[in-house]
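Could you put the whole structure together from the sequences, leaning on the hints where they help?
The listed protein sequences derive, respectively, from chains A and B. Number 296 in this note's numbering belongs to position 296 of the first sequence; there are no gaps in the numbering. Number 284 in this note's numbering belongs to position 284 of the second sequence; there are no gaps in the numbering.
Treat the hints as calculated values from the structure; they're not laboratory data. Some clues are possibly wrong.
Taking lysine to aspartate or glutamate and the EDC-like style, the derived pairs with C-alpha atoms no more than 20 Å apart in a straight line are [as the list claims (entries may be wrong)]:
no., chain 1, residue 1, chain 2, residue 2
1, B, Lys233, B, Glu52
2, B, Lys79, A, Glu316
3, B, Lys181, A, Asp272
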Amino acid sequence: MTHKITASHIGRVIWSEFKPALLASFWICLLAFPIMTLSINPTNQSFKFSLDRMPYLALGTFVLSILWRFFLKRRAFIGITKAVHQSEGLPEDLRKGPKPSWLTVVKASRYRRQGIYVLLAIMAILPFISSPYTVNVMVTALIYVTLGLGLNVVVGVSGLLNLGYIAFYAIGAYTYGLLNHYFGLSFWVCLPLGGLTATLMGLLLGFPVIRLSGDYLAIVTLSFGEITRLVLNNLTVTRGPRGISYIQPAGFFGIDLNGAPKEFLVNYLRVDPAMDINKIFTYFIILCLVIVTIIFVFRLENSRLGRAWLAMREDEVACQAMGINRTRAKLTAFALGSTWAGLAGVVFASQITFINPASFSFLGSILVLSIVVLGGMGSIPGVILGAIVLSALPEQLRFFSQYRMLLFGALMVLMMVFRPGGLIQSTREVYIHKTNGNGKGDGNGTARLEALTGAPKPEATGERP
Amino acid sequence: MSAGLDKGAGANAAGTGTGSGSGCVDPILSTVGISMVFGGLVALNSVDLSIERGSITALIGPNGSGKTTFFNCVTGIYKPTRGEVILYPALDLPSKSLKGLPADVITHEGLARTFQNIRLFNNLTVLENVLIGRHTRMRAGLWGALTRNRKTRAEEAAAIERSYGLLVTYGLDAMANELAKNLPYGAQRRLEIVRALATEPKVLLLDEPAAGLNIAETAALRDLISDIRENEKVSILLIEHDMNLVMKVSKKIYVFDYGRLIAQGPPDEIQKDPKVIKAYLGED
Ligand SMILES: Nc1ncnc2c1ncn2[C@@H]1O[C@H](COP(=O)(O)OP(=O)(O)OP(=O)(O)O)[C@@H](O)[C@H]1O
Ligand SMILES: [Mg+2]
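So, in structure tokens, the structure goes:
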């Protein structure tokens, strides 16, 4: 037997690659035939038939299909070579952990602290030099960051698929909307109340669904989301589909921000005169909320409770065998995740001053879930990036108007195939062995460990592995 | 439900226990007439078994004879259909019934186990796996996690120290920051045992720890088991198919077949027991 590569051999390989692409192309053409060939002329109510667009569709599908197959092959190949590399020098190799991509380097970098300060400074200046429209988009993005981080606790960390998350956001928003509308309660009173109401609702929903997992949990939470929306739509207190308007923006010690403070800002800091200063204030409120959320979620993840959630996500049986009360862990995750949605909801109501049930559709839940999945399940920086991408992207894609959702869907599919761990994959806390003064651990189990990424303690030697 | 169940321990081939139902002088854990029925299948049939304090006891038997089911019943993964599980925490302390308690409470009471098919927390690091084992011995709740107050920090530091100490003692410290799923198979088995030890168990239940290990790894495992017994003051119940290992480490062996105990005794007796030979080799 010889292994000469003949022309017919190459031909066969090419054919084996092209055949599926051709099939895909043919299939799409068939499916899209009526939409692509027939167009309605509304003026004289007649159909127009034309095959003009079909070649483009066929060719486009074919090329995409080839690319798709190529990248899949490449990915499989990379996977194999990686596995081979790993199985070689195992223990030595393993100490290094996963190969750092530029995204993971962000987390472990020794300049992280400085990076955060710079980022905070930029975030603080940004609203004063932006247009009112940009500030609005930024507030929305930050609300989604909060939502994403909250849902991340439920889905990413604890592994409980919640498809009705937006309901808790609605509950927060309506808590403020209703209390403000009927009783004139202020934002600052309603912020904790909104969070609390959402938590209670989370617990309330949590008790019956706690025995469910996986698909069942997803279905029940999905229904809960829809029920909440329908209830809001049909109750008279909530004013049904008309919603609640003229909700007060957050107050600042009773000072009218659009009076003297605005004059000052416009005159001395050259802030856009069209700016509603209340929006800037809302921006800072949500920014603080995001910062607090990040700190809390980070602390949770590296705590006894957070590890219990992670263990539950990883293996429900083993987690119980480790002494974790699964029911309690699930309930706290569910309720706590809802708290953030409630808080975000209150801010949302104060931002747009008008809420109605349509703002809280199933699509909202899906969007927040996409943020978590796209960003990286269980990864805080990932979720932040995901929220920014997914809340800013649709704004940028307005240009494509009707194809927006299509592009969005395609993006998600591509992500799941080529980077299932999300944009920034979650990395676990790294602990380094702290040398005991003389450069050696005593090896008797009394070695001190410190979190690499945690706050450096005064006595830390500052060395990195 | 009790269709195929013997009534009481009298009919049990191994029912040689003294009145108390425990076959040894100073048991740490014993079961009395424990039975488990799945639909029509009697997976465990009135098993009386006891583990002597501080000893290594082995559980052997052909595939499907109910060994893992026994573990699941004792550790609260399954609720036994009938029977009692009793823990004797210390000579001067009253005994406790573990029957029907949830798995996490049983772990808290001092039973820890490994699984036949390794169940690690794959996407967490080796150190975190062990830290989760410390869960029952820690107290911090939501408030502590959010405020990260002095008490929580101290507790956390102690837990990390303790966990890392275990990794050092049992030779896994070099991989402390590696994800559990990336460990070689032998190290995964070892980690599962260390994770169970982190719960500070009184009784450690190992389900086929040598399954899938090569000869060298099995030898290392044998040393590990002896080390554990010396270091940790823990009694061990071991399911194992590797007869060489079982005969070397265990003081007493129980033999299961079709959900019943068919023999019990020290290794040399068991090796010669015709009932055991028959169970393993089939009718002749
Ligand atoms: N959850 C369950 N539902 C139904 N039947 C079960 C269940 N768990 C175990 N069984 C049955 O109980 C019997 C005993 O199984 P078990 O896993 O305890 O055997 P084993 O002694 O551990 O065997 P092996 O050596 O193969 O691990 C088997 O027939 C098994 O099919
Ligand atoms: Mg088994």
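Checked hints:
1. B/Lys233 x B/Glu52: At roughly 12 Å apart (the allowed maximum being 20 Å), B/Glu52 and B/Lys233 satisfy the hint.
2. B/Lys79 x A/Glu316: 17 Å, holds
3. B/Lys181 x A/Asp272: 54 Å, violated
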